[in-house]
Structure formats: C-alpha cells, structure tokens
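Enquirer: Residue numbers (the numbering used here), protein chains in the order written: chain A, 78 to 679; chain B, 206 to 439.
Derived by calculation from the structure, the hints in this document are not laboratory data. A hint or two may mislead.
Stated by the list, open to error - List of simulated lysine-lysine pairs, DSS-like, C-alpha gap at most 25 Å:
(1) A/K656 with A/K251
(2) A/K355 with B/K367
(3) A/K506 with A/K564
(4) B/K406 with B/K367
(5) A/K460 with B/K367
(6) A/K506 with A/K460
(7) A/K615 with A/K548
(8) A/K615 with A/K590
(9) A/K615 with A/K656
(10) A/K235 with A/K642
(11) A/K506 with B/K367
(12) A/K235 with B/K367
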Amino acid sequence: MSPCLRTLIGLSVIFLASTIPAHADTEQSPIVVTASRVAQTADETLSFVTVITREEIERSGAHDIADILRFHAGLDIGRNGGPGQQTSLFLRGTDSNHTLILLDGVRINPGTIGGAPLQIINPEMIDRIEIVRGPNSTLYGSDAIGGVIQIFTRRAEKDHAVSATLGHGADSAKEAGVSLSHSSGIYSFGIDANYQETDGFPARTASGIDRGHDNASANAHIGINTATADIELSHWQARGTTEYLDFFLTPVSQDFTNSVSAVTLRSTSTGNWVPTLKLSRMEDDIQQQESPDFVRTRRNILDWQNDFSFEGNHLLTAGLYLLREKTDSLSFGSGFSEDTDVNAVFFQDQIDLADHQLRVSTRYTDHENSGSKTTWGIAYGYKFSSELRLFANAGTAFRAPDATDRFGFGGNPALSPETSRNLELGLQKNWGQQQKLRLALFDNTIDDLIVFSDPDGFLGPEPGMNENIEKAGIRGLELGYSLSMGKYSGSIDATWQDPENESTGKQLARRAKRTITTRIDYDAGRYQAGLEFIATGKRRDSDFSNTVMGGYGLLNLHLQAPVGKHFSIDGKLENALDKQYELADGFAVQDRAVFITLRYQD
Amino acid sequence: MHNMKSGMRYFLCASVAIHAVFFIAALDYMPDDVAGTTPTLYLHIPGTSENYGAATQLADATYSGHDKPHKPAYESEQVLARPQAATTHRKTAVPGGAVSQKASLRQPSRDKQEKNKPGDSPPRQAQAAPQTSTSTAANTAISNSVKKQISARFNYPLLARKRGWEGDVVLELRLEADGRMSNVRIAESSGYTLLDRAALKSARAVGATPGITQWLAGRHMDILIPVYYRLVDS
Numbered sequence: 078m079s080p081c082l083r084t085l086i087g088l089s090v091i092f093l094a095s096t097i098p099a100h101a102d103t104e105q106s107p108i109v110v111t112a113s114r115v116a117q118t119a120d121e122t123l124s125f126v127t128v129i130t131r132e133e134i135e136r137s138g139a140h141d142i143a144d145i146l147r148f149h150a151g152l153d154i155g156r157n158g159g160p161g162q163q164t165s166l167f168l169r170g171t172d173s174n175h176t177l178i179l180l181d182g183v184r185i186n187p188g189t190i191g192g193a194p195l196q197i198i199n200p201e202m203i204d205r206i207e208i209v210r211g212p213n214s215t216l217y218g219s220d221a222i223g224g225v226i227q228i229f230t231r232r233a234e235k236d237h238a239v240s241a242t243l244g245h246g247a248d249s250a251k252e253a254g255v256s257l258s259h260s261s262g263i264y265s266f267g268i269d270a271n272y273q274e275t276d277g278f279p280a281r282t283a284s285g286i287d288r289g290h291d292n293a294s295a296n297a298h299i300g301i302n303t304a305t306a307d308i309e310l311s312h313w314q315a316r317g318t319t320e321y322l323d324f325f326l327t328p329v330s331q332d333f334t335n336s337v338s339a340v341t342l343r344s345t346s347t348g349n350w351v352p353t354l355k356l357s358r359m360e361d362d363i364q365q366q367e368s369p370d371f372v373r374t375r376r377n378i379l380d381w382q383n384d385f386s387f388e389g390n391h392l393l394t395a396g397l398y399l400l401r402e403k404t405d406s407l408s409f410g411s412g413f414s415e416d417t418d419v420n421a422v423f424f425q426d427q428i429d430l431a432d433h434q435l436r437v438s439t440r441y442t443d444h445e446n447s448g449s450k451t452t453w454g455i456a457y458g459y460k461f462s463s464e465l466r467l468f469a470n471a472g473t474a475f476r477a478p479d480a481t482d483r484f485g486f487g488g489n490p491a492l493s494p495e496t497s498r499n500l501e502l503g504l505q506k507n508w509g510q511q512q513k514l515r516l517a518l519f520d521n522t523i524d525d526l527i528v529f530s531d532p533d534g535f536l537g538p539e540p541g542m543n544e545n546i547e548k549a550g551i552r553g554l555e556l557g558y559s560l561s562m563g564k565y566s567g568s569i570d571a572t573w574q575d576p577e578n579e580s581t582g583k584q585l586a587r588r589a590k591r592t593i594t595t596r597i598d599y600d601a602g603r604y605q606a607g608l609e610f611i612a613t614g615k616r617r618d619s620d621f622s623n624t625v626m627g628g629y630g631l632l633n634l635h636l637q638a639p640v641g642k643h644f645s646i647d648g649k650l651e652n653a654l655d656k657q658y659e660l661a662d663g664f665a666v667q668d669r670a671v672f673i674t675l676r677y678q679d
Numbered sequence: 206m207h208n209m210k211s212g213m214r215y216f217l218c219a220s221v222a223i224h225a226v227f228f229i230a231a232l233d234y235m236p237d238d239v240a241g242t243t244p245t246l247y248l249h250i251p252g253t254s255e256n257y258g259a260a261t262q263l264a265d266a267t268y269s270g271h272d273k274p275h276k277p278a279y280e281s282e283q284v285l286a287r288p289q290a291a292t293t294h295r296k297t298a299v300p301g302g303a304v305s306q307k308a309s310l311r312q313p314s315r316d317k318q319e320k321n322k323p324g325d326s327p328p329r330q331a332q333a334a335p336q337t338s339t340s341t342a343a344n345t346a347i348s349n350s351v352k353k354q355i356s357a358r359f360n361y362p363l364l365a366r367k368r369g370w371e372g373d374v375v376l377e378l379r380l381e382a383d384g385r386m387s388n389v390r391i392a393e394s395s396g397y398t399l400l401d402r403a404a405l406k407s408a409r410a411v412g413a414t415p416g417i418t419q420w421l422a423g424r425h426m427d428i429l430i431p432v433y434y435r436l437v438d439s
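Take these sequences, add in the hints, and give me the full structure.
Expert: Here is the structure:
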C-alpha cells in the first residue's frame with residue numbers, strides 16, 4: 078500500500094511478545110498501547126491529508142520536491158524549464174501564492190512576491206511531507222487558501238546513522254551528499270549536506286543555450302530532551318545559482334540564498350497542558366548577477382501554541398502568533414523597502430465523542446497594512462464503522478497582499494486581503510489494511526483577487542494599479558486509492574476540477590480540469606522497482622493570452638539493487654516515453670534522461 | 206510599535222514569561238503521582254505473543270510451559286517486608302539503563318522500538334530470592350486478568366499521537382484481597398506526563414478485577430505493570 082495514505086482507524090491494544098529472556102530471572106510482559114501515527118499539520122479524519130514518507134521520497138529520485146508533489150491528487154505544477162527554474166504549485170486549482178508552505182513549521186513563502194521556492198528544496202534533506210487540502214487559515218494564517226504543505230527535514234532516528242549518496246546523470250548532472258546523525262536519550266543531533274549541479278538544457282524551446290543550476294544545501298539540528306522539556310535548535314539552508322533566459326532569450330543568471338532557523342521549546346512535564354514556543358527566522362534572497370536587481374525577505378516569527386489534552390481525545394489549542402517581516406526589492410530601477418507586522422491569536426477545539434468528531438476553530442489576524450481578518454472553520458466527522466468515515470467541513474481563508482502587490486509595479490497600499498470560503502465533503506473507506514480510498518468533494522470561492530487593472534489602457538493618462546477585483550470559483554473531486562499486496566503496492570490519485578475565473582469566465586491558468594496519476598511499486602527489501610505515471614489535460618498558459626497547452630502523459634521508471642552489504646544503486650529513467658510537453662508555454666521540459674545514484678547506508 | 210526593535214521586545218518578554226511558566230508548572234507537578242519507596246512485588250508474567258483478543262488464553266495452564274526458564278514470583282507479604290534498598294535497585298535495573306523517575310530521559314522512539322524487538326528485551330532483575338507460596342499459574346491468571354481490565358480502558362492521547370510521543374510507563378498498583386485495585390501510581394515516568402497521566406487514568410478507572418479473588422487467597426498483592434506507548438505507521 079502506498080505509504081502516503083494513512084488512517085487512524087482507531088486504537089488497538091495488544092500484548093507484546095516478550096519471548097525467551099536472556100536471564101532466568103523474572104521479567105514482565107508489558108501492555109503495549111499502539112495507535113496510528115497522525116499527521117501533525119491537520120487531522121486526517123476531518124480533511125483530505127496525504128503524508129509522503131521518506132521511502133517514497135527516496136524512491137522518487139526527484140530533483141526537487143515539486144517533482145514529488147505533482148504525483149498527488151489536487152496538485153498541478155508550472156515550471157519555466159529544467160532543474161532550479163521558477164516553479165509554481167497550484168493546490169486544488171487555487172493560485173500559486175494560495176498554498177502555505179511550511180518547513181519544519183516555519184512559513185517559507187516569500188514576503189516579496191509569489192509562492193515558496195520549491196525548486197530549490199532538495200528532497201535528500203527531507204523526511205516527510207504532509208499535504209493538507211482545503212483552507213487552513215485558522216491555525217496557520219495567511220496564504221492557506223488552497224491548503225498547507227508542511228515539509229519536515231530529517232531527524233536523528235537511531236544511535237548512530239551515516240549515509241551518503243553520489244549521483245550522476247543526463248546533462249552532466251552530479252550530486253553528492255552526506256548525512257550524519259547521533260541520538261541518545263538526552264540529546265540528538267544531525268547534519269545533512271548535499272550538493273547538486275547540472276548543465277541543464279535550454280530553458281526555452283526557442284533557444285539552444287543550456288541553462289545550468291547548482292544548489293548547496295545543508296540541514297542541521299540539535300535536540301535536548303530533559304525531564305521537563307524538549308528543546309530543539311534547527312537550521313536549513315539552500316544556496317546556489319540558476320541560469321535562465323530572459324524575455325529576449327538573453328542568457329542571464331541569479332543567485333539564491335534561503336534559510337530557516339528555529340528554536341523550539343516544548344514542555345513535556347506539564348501534564349495535559351503542552352505549551353510549545355517556537356522562535357524562527359526565515360531568509361529568502363535572490364540577487365541578479367547581471368544587474369543590481371534583487372528581492373529579499375527577512376522574517377522573524379514567535380509562535381506560541383498551547384495544547385490542552387482532555388479526556389476522551391478532546392484537544393483544545395490556543396495560541397499567539399507575532400510576525401515581523403522586512404522586505405526589500407529592486408527591479409528595473411524601482412524598488413521598495415518595507416516592514417510589516419502581523420499579530421494573531423488563534424483557537425481550536427476538537428472533540429471526539431465515540432463515533433462523532435467535531436472541530437471548531439477561529440483566528441483573528443491583525444495585519445499592519447491590510448487590516449484585521451477573522452477566519453473560522455468548522456468540521457464534523459462521523460464514523461460509520463471502523464472502516465468507513467465521512468466528514469464535512471466549511472471554512473474561510475485569506476491571503477494578505479504581498480509587498481509587491483502593495484509597493485511594486487502597480488502597487489496599491491490600500492489593498493485588502495484576498496478571501497475564500499470553502500465547503501467540503503469527504504469519505505474515507507478502508508478494506509482491511511490492504512486497500513484505502515479517500516474522496517473529497519469541494520467548492521471553493523475566492524473573492525477580492527488582486528489583479529493589475531488599467532481601465533484606460535497602458536497609453537491612457539491614468540496609470541494602472543493592483544486592485545481587489547476578481548473572483549474565482551473552483552469545484553472539484555479528488556480521489557486517492559491505494560492497494561497493497563505483499564511486495565507489490567499501487568496507488569491511483571485523480572482530480573476532476575473546474576478552476577474558473579468567474580470574472581472572465583475563463584479556466585484559471587496552468588491548472589488542468591482532469592489529472593490522473595498512478596504508481597506501482599515492487600519492494601523486496603533491497604531490490605525495488607517502480608513506475609509512476611501522470612496524465613493530465615490541457616491548460617491555459619496565462620490569464621492574458623488564449624494559448625492552450627496540450628495534455629500530456631509522463632512516465633518515470635525506478636530501479637534499486639543492492640551492491641554489497643552497505644551500498645545500493647538507484648537508477649531512474651525520467652520521461653521514459655520521451656514526451657515533449659509543456660508546463661509553461663515556450664519553456665522546455667526534461668526529455669528522456671537517466672540518473673544513477675550510489676547510496677551508502679551504515 | 207511597527208519596527209523590528211519592538212518585535213524583538215515582544216519576543217524577549219514572551220520568552221521570559223513562557224520559561225517561567227514551564228519552570229513553575231514542572232516544579233508543581235512532578236512529585237504528585239510518583240511512587241514512594243514501597244517495596245514492590247515483581248510479578249512474573251510468562252512470555253506471551255498474544256494479541257488482546259486472545260488475552261484470556263494466557264491464564265490457561267498450558268502456557269505455564271513458558272515459565273520454565275523463569276523463577277517463580279513472590280508471595281506478597283514477604284515481598285512487602287523487603288528492605289527499601291530493593292526498590293532503589295529496581296530503578297537502576299531498568300532496561301535501557303537507569304531510567305529513574307528523577308532523571309526520566311527518553312530514548313528516541315524508533316530506537317526504542319528496535320530495542321523492544323522480540324528476543325532483545327532485557328529482563329528486569331529480581332530483587333529477592335523466590336519464596337513462593339502463590340503458584341505461577343495463579344500469578345499468571347491474576348496478572349492477565351488485571352492487564353485485560355486495564356488495557357480495555359487504554360487510550361493514546363491524540364496530542365501525543367500528533368507530537369509523535371512514545372514512551373514506557375511503569376504502573377505500580379495494589380490488588381486488594383477482594384480484587385479491588387488501590388494505590389495506583391507511576392513507578393517510572395515515560396518522560397511525558399501526558400502519557401503517564403493517561404496510563405494512570407486507565408488503571409484508576411478499573412474498580413475491581415472479577416475472578417481473581419480465588420487466586421489471591423485472602424492476601425493483597427502489589428504488582429508493577431509496564432505500559433509501552435507505541436505509534437505505528439499504518
């Protein structure tokens with residue numbers, strides 16, 4: 078079964094084997110209380126959540142996490158060329174800046190413009206990804222209109238662990254990485270370092286100039302578990318250069334530096350009250366090499382979350398969120414330098430009453446520039462049997478205008494947030510441990526969308542500016558099915574949706590109406606083989622043109638075989654059918670390519 | 206108000222306040238449910254590989270075959286007369302090394318799962334020579350009945366599941382001669398008071414264990430029950 082689909086089909090209480098003792102003295106057989114691990118970002122029983130595990134990440138052999146995410150229901154991507162090029166993610170048909178991306182709980186969406194830089198997040202650093210579909214502004218604040226994707230970096234898992242990778246592939250792609258970790262009862266630490274580079278291929282179909290990319294990433298963490306609290310210091314960063322082609326096909330390049338640093342304190346000795354304090358700093362820099370242009374975000378967040386666990390799985394959460402952001406930009410001679418303060422309080426209450434589950438939540442956000450916003454959510458779930466659950470939820474979300482909306486081209490400091498309202502029905506059905514089915518039917522309306530408006534035309538006397546004028550409606554059905562039979566497992570994810578700009582009546586750009594993905598894996602321990610396939614429909618390229626990109630099918634193959642006791646060799650054949658397709662009009666995609674990776678695991 | 210400096214001030218104030226809260230709350234709670242130095246019977250429970258549904262079988266005499274390598278358990282009165290040092294000894298003899306209440310430090314969860322693999326699990330040390338008057342079969346019957354009663358009430362708190370918290374709690378309790386349970390305490394903390402309290406609550410919810418008075422034969426008995434909280438990827 079695809080490990081990405083998990084359930085929490087209740088609790089099982091078992092007695093564990095204690096087997097033959099080493100001594101003939103007495104021993105005790107314990108009571109073992111087991112339960113399914115649940116997603117941290119949102120409850121899987123009240124929304125459509127997918128968890129992507131480390132095994133799946135390794136199997137994918139993907140260059141960045143966007144290439145992993147695109148194989149899951151409800152996700153479309155747009156990409157301006159090969160590795161490292163600008164990549165957009167559309168969750169549930171919403172805009173590319175309508176998905177909140179968290180890295181270890183820290184928001185990495187830039188404050189300047191656009192969505193989070195998925196193209197520079199190296200999967201080698203990542204342990205797990207949780208995809209939560211639907212609005213989640215109540216716990217997470219701005220940008221979670223389509224949903225939340227939370228990325229967890231790797232942590233120490235056992236006493237000592239050493240692993241290393243060395244890869245080579247098409248377009249002179251090279252990769253080298255090492256991961257070390259140690260953990261004891263009191264402390265744990267780990268460091269991962271990885272370097273990727275490729276000569277790439279021409280980012281645009283009209284050019285013959287290869288556009289390369291390099292990315293040096295590191296992730297480090299230290300955890301201390303005292304008798305009363307858990308303390309963790311963590312740092313992730315990615316730094317490198319991406320070459321690309323500008324509008325006139327001129328080869329240009331830019332340097333990027335991204336980092337997330339956090340200190341997390343969590344009490345473990347205060348009984349039913351578990352306070353967590355997280356102080357974080359996020360940095361996002363892009364510096365143009367051929368000009369002084371740049372964009373920069375510096376963001377400090379204090380996130381104080383208090384969980385109260387009452388009897389009968391009653392969980393109450395309340396907290397305070399203070400965000401201080403500084404954004405700077407220079408683009409073609411004009412720029413801005415702005416400070417933004419956001420303060421929020423949030424509250425959520427979740428109660429399980431036998432077969433009924435209820436969750437209510439609300440968040441009040443005070444945004445320095447675009448005023449205050451109250452969002453709310455309500456969800457109800459009913460368990461018909463241990464294998465069948467239904468849920469319904471309704472909620473609101475918003476996206477506060479970013480600094481470019483307010484102060485960049487067409488900047489309008491008086492903009493209001495974009496707002497959304499979502500209604501959803503879901504079903505979760507299991508057949509034993511072998512088969513799982515997830516269905517979600519949703520209706521999301523987004524209002525006050527910010528677009529550039531210039532009623533008297535570009536040459537008219539009045540300059541245009543950004544305004545809250547458009548509206549979008551997205552209705553759809555998502556399906557996730559997985560089947561597991563011994564060494565074989567398979568899954569199918571499908572999306573039917575109608576992402577419509579209700580102001581123009583057109584299909585929203587770069588989002589398909591129908592997508593189906595399939596994965597089949599054979600896993601015999603150290604021998605593994607798998608294939609992943611995606612078929613997606615036609616998409617409009619942009620809101621401003623009538624260019625339509627055709628549908629495509631993409632097939633990737635994967636093989637892994639052991640070499641001696643500690644080594645294994647991974648082979649990936651990407652785009653096995655050598656399909657020429659488009660994720661953005663006029664931009665190239667990876668043609669058929671082979672990547673080989675040698676892995677060492679102690 | 207709207208500058209980075211005031212932001213940092215917010216950070217510092219909140220941080221100080223929260224640390225104070227952590228500290229005070231921690232001081233406040235710990236001693237409460239911790240077992241004292243009451244000498245404790247180590248009840249031998251034969252190795253089982255049964256799931257919950259099959260638990261009742263465990264009392265069956267045919268399972269006493271598993272007991273062969275073990276020494277019989279102790280009769281309660283004699284154990285209660287043991288010197289206090291025995292209890293201290295117990296705390297240093299816990300598998301995984303010296304997990305005493307005062308310094309309850311957690312192993313990383315996956316590490317622990319590995320450690321608890323069948324065949325790996327280090328046994329607890331016996332503290333006194335066996336001076337049995339209660340048969341092994343009786344102890345088996347009692348312990349399984351009690352465990353069944355407790356485990357029927359177990360709950361893995363949602364918050365602990367969200368946080369990925371796993372741990373081992375050792376419960377200490379007394380079975381009165383009439384089958385009632387009393388003096389339920391935490392003998393060893395899991396390191397998470399949330400899990401400790403959940404275990405305690407489950408055990409305290411058990412009134413009397415039916416069908417064990419015949420085995421208790423008019424005596425009370427103190428037992429330790431380890432409870433392992435484990436998360437599984439489904």
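Enquirer: Run through the hints listed earlier and report the numbers of any the structure violates, in increasing order.
Expert: none
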